[in-house]
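Protein sequences appear in the order of chains A and B.
Here the working numbering is used: the first residue of the first sequence is 1, the next is one more, and so on.
Here the working numbering is used: the first residue of the second sequence is 1, the next is one more, and so on.
The hints are simulated quantities; they were obtained by calculation from the structure and are not laboratory data.
One or more of the hints may lead you astray.
[Claimed, not checked] A few chain A positions that, by computed beta-carbon distances, are all more than 10 Å from chain B:
no. : residue
1   : LYS53
2   : ILE68
3   : PRO118
4   : LEU188
[Claimed, not checked] Where chain B lies over chain A, by a calculated footprint (3+ residues, C-beta under 8 Å):
no. : segment
5   : 301 to 310
6   : 356 to 362
[Unchecked claim] Computed Cβ-Cβ distance ranges for the label pairs, DEER-style:
no. : chain 1 : residue 1 : chain 2 : residue 2 : range
7   : A       : ASN200    : B       : GLY25     : 41 to 47 Å
8   : A       : GLU275    : B       : LYS16     : 43 to 49 Å
9   : A       : MET201    : B       : GLN6      : 26 to 32 Å
10  : A       : ALA243    : B       : GLY134    : 55 to 61 Å
11  : A       : GLU210    : B       : ASP45     : 22 to 28 Å
12  : A       : ARG182    : B       : ASP45     : 48 to 54 Å
13  : A       : ALA248    : B       : ARG247    : 26 to 32 Å
14  : A       : PHE263    : B       : PRO259    : 48 to 54 Å
15  : A       : GLU265    : B       : PRO142    : 38 to 44 Å
16  : B       : ARG157    : A       : MET201    : 53 to 59 Å
17  : A       : VAL354    : B       : TYR148    : 57 to 63 Å
18  : A       : ALA257    : B       : MET1      : 45 to 51 Å
All C-beta atoms, glycine included, are put in the ideal place defined by N, C-alpha and C.
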Amino acid sequence: MTKKTSYQLMQGNEAVAEGALAAGVNFFAGYPITPSTEIAEILADKLPENGGKFIQMEDEIGSIAAIIGASIGGCKTLTATSGPGFSLMQENLGFACLAEIPLVIVNVMRAGPSTGLPTSPSQGDVMQARWGTHGDHPIIVLTPSSVEEAFLYTIKAVNFAEKYRNPVIILMDEVIGHMRARVSLPPLAMVEQVNRVQPNMPPEWYLPYERSASGVAPMASFGDGYRYHITGLIHDAKGFPTANPNEARDNIRGLFAKIERGFREICLVDYELMEDAEHAILAYGSMVLSARSALEQLRKSGIKIGLIKLGTLWPFPRFALEHYLPQLKTILVPELNMGQIYREVLRVNAGKAVIEKINRVNGTIIAPDEIVKTVKGMVR
Amino acid sequence: MISNSQLVNKYFRHNKKFPHIWCPGCGIGTILGNMLRAIDSLAIDKNDIAFVSGIGCTGRTSVYVDFNTLHTTHGRALPFATGLKLARPELNVLVATGDGDATAIGGNHLIHACRRNIDITTIIFNNYIYGMTGGQYSPTTPHGDKAYTCKLGNIERPFNISALVEAAGATFVGRTTSYHTLQLQNIIKKAIQHKGFSVVEVITHCPTTYGRLNRKGGAVEMLKWQKQVAVDKSRAEKMSSEELEGRIITGVLVEKELPEFCEQYDTIIEQAQNQVKGKPA
């Protein structure tokens, strides 16, 4: 990365790797799986060049365990996988949520369930990303809709993980992961890097899970003189297991509260042609590309339609929809799944507009023409 | 040598609510205590120790002691420890894990950690059963013995943990019992000093489940059994295979020097950085 903004033709997965490096990621553990492997290959080369570390683990359970361990050691960590590997990571993902360990998981989605359609695009893991690990927990899920966003959102993901002491998942569909496009790379000095807050009090005063005014507790790295306990059991402010109902409540509610406090900052949403829109397409990931193309054709034929582009899927940015609901007659939700965000849209809409969907689960994408045709049918 | 009260004052957490969760007569406390004595004899600063544990009775060891402690998920203590060690190679990383944790659900991680030769000391508390869940058979429950999921006798053959980790490439393997406390201390001490992946298998007892179900008596009888069956490696070498039938060979079984993972990775970093410097701007 140079001192001036440079432009480079790169693949979505490559953009994730570059974003990770720009964000200060210095530890990666992973296991090979298509279509995410490029991220591991690039970081295996580039991390040691920058003094960072890469390790290929025996499976995805070990991969997420290793990045949790490294994060506890003070590293900024990331792993990359696809559906089957993401399934294996779920238990330790819950550990990271409860123990409040910053880390980023990139899931380059492929069509499932099971081994599925290994190199075909899908958006089938939206609900798994939200609820895949057991128990009530908050999660942050970002989804890039272009190669440039793959770069930018990876930086955002690392920063959110550090700021909120919470795992962040990047859900990327295979189209974005393997698409090549021009990306503008800002000079490194211009990239915002957020570092977790570390304790500055004497070790004997440190309560590892006592939340500061921000709702997040300062996190000491192992080896820095603050000896404390980290566990996957419900714990008190000292980090010790507890079965006291009040302490258990504070533990779980505290996890949700810190994410609720950051809700507006975490929710990345963009609007295109929405000012006068009477109809909208709500899309994310590669579906944004089809939607944009359809939008152009539909506007030409006089239909007042706009695009609500979700960059954050969880927490669900309900205000993005609520703001425009009074002016909207219909909303179309095209997805490469059976309607996972569609259900969220129905929930927030609460009967106000007509909600339509296009779903595709056969490993192909939804073409702009199909969106145009569906919208014309809806508007009529 | 450090007295018991000094040991408690120095290494147990003052702000943690005791009593501990283990049953009367359990062998885990003995192993933990001797681990602490080994650490004390090496005079390692408490800040420089990371103690990582899995799930089960043994998994609970980490919460009581005043180190950097990490109580992980079932079977996964080793990959957590691997990430931590690679991130902070200057830390002494110790792992406490039970027979089920280490060789059933965590079996894959165990063999790969052995192969990788990362400088972690792993103590496997082998009591032949899943104690915390109430006494189900584990990968080390002897053939024919009873557990609550094999009341008519175990039809599976058990792992020999020390042989397993040796075959997987561990560069230090020691085995002893919770009866032989001095040997236990010495082996753990050597294991910590060893540069590379070390495993200490400690044969211990669960009087509450395994002992009761198999009519092995209480803790005292089970300790006496450990004394009877254990045979030191030096003596075992002079014994025939018939004489060794049913005996457990103890002592340092494997000790060899091979390149350690973190140190090798440092040379990778050096090479990668030299390559970059060599490239035209």
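Each hint, compared with the structure:
1. LYS53: For LYS53 of chain A, whose nearest Cβ neighbour in chain B is about 5 Å away, the distance does not exceed 10 Å, so it is violated.
2. ILE68: violated, 6 Å
3. PRO118: holds, 23 Å
4. LEU188: holds, 15 Å
5. 301 to 310: violated (count 0)
6. 356 to 362: With 0 residues closer than 8 Å to chain B, the segment 356 to 362 of chain A misses the three-residue bar; violated.
7. A:ASN200 / B:GLY25: 41 to 47 Å: holds, 46 Å
8. A:GLU275 / B:LYS16: 43 to 49 Å: violated, 60 Å
9. A:MET201 / B:GLN6: 26 to 32 Å: holds, 28 Å
10. A:ALA243 / B:GLY134: 55 to 61 Å: violated, 19 Å
11. A:GLU210 / B:ASP45: 22 to 28 Å: holds, 25 Å
12. A:ARG182 / B:ASP45: 48 to 54 Å: holds, 52 Å
13. A:ALA248 / B:ARG247: 26 to 32 Å: violated, 48 Å
14. A:PHE263 / B:PRO259: 48 to 54 Å: holds, 49 Å
15. A:GLU265 / B:PRO142: 38 to 44 Å: The hinted range 38 to 44 Å is violated for GLU265 of chain A and PRO142 of chain B, with Cβ atoms some 58 Å apart.
16. B:ARG157 / A:MET201: 53 to 59 Å: The hinted range 53 to 59 Å holds for ARG157 of chain B and MET201 of chain A, with Cβ atoms some 54 Å apart.
17. A:VAL354 / B:TYR148: 57 to 63 Å: holds, 58 Å
18. A:ALA257 / B:MET1: 45 to 51 Å: holds, 50 Å
Of the numbered hints listed earlier, those contradicted by the structure are 1, 2, 5, 6, 8, 10, 13, 15.
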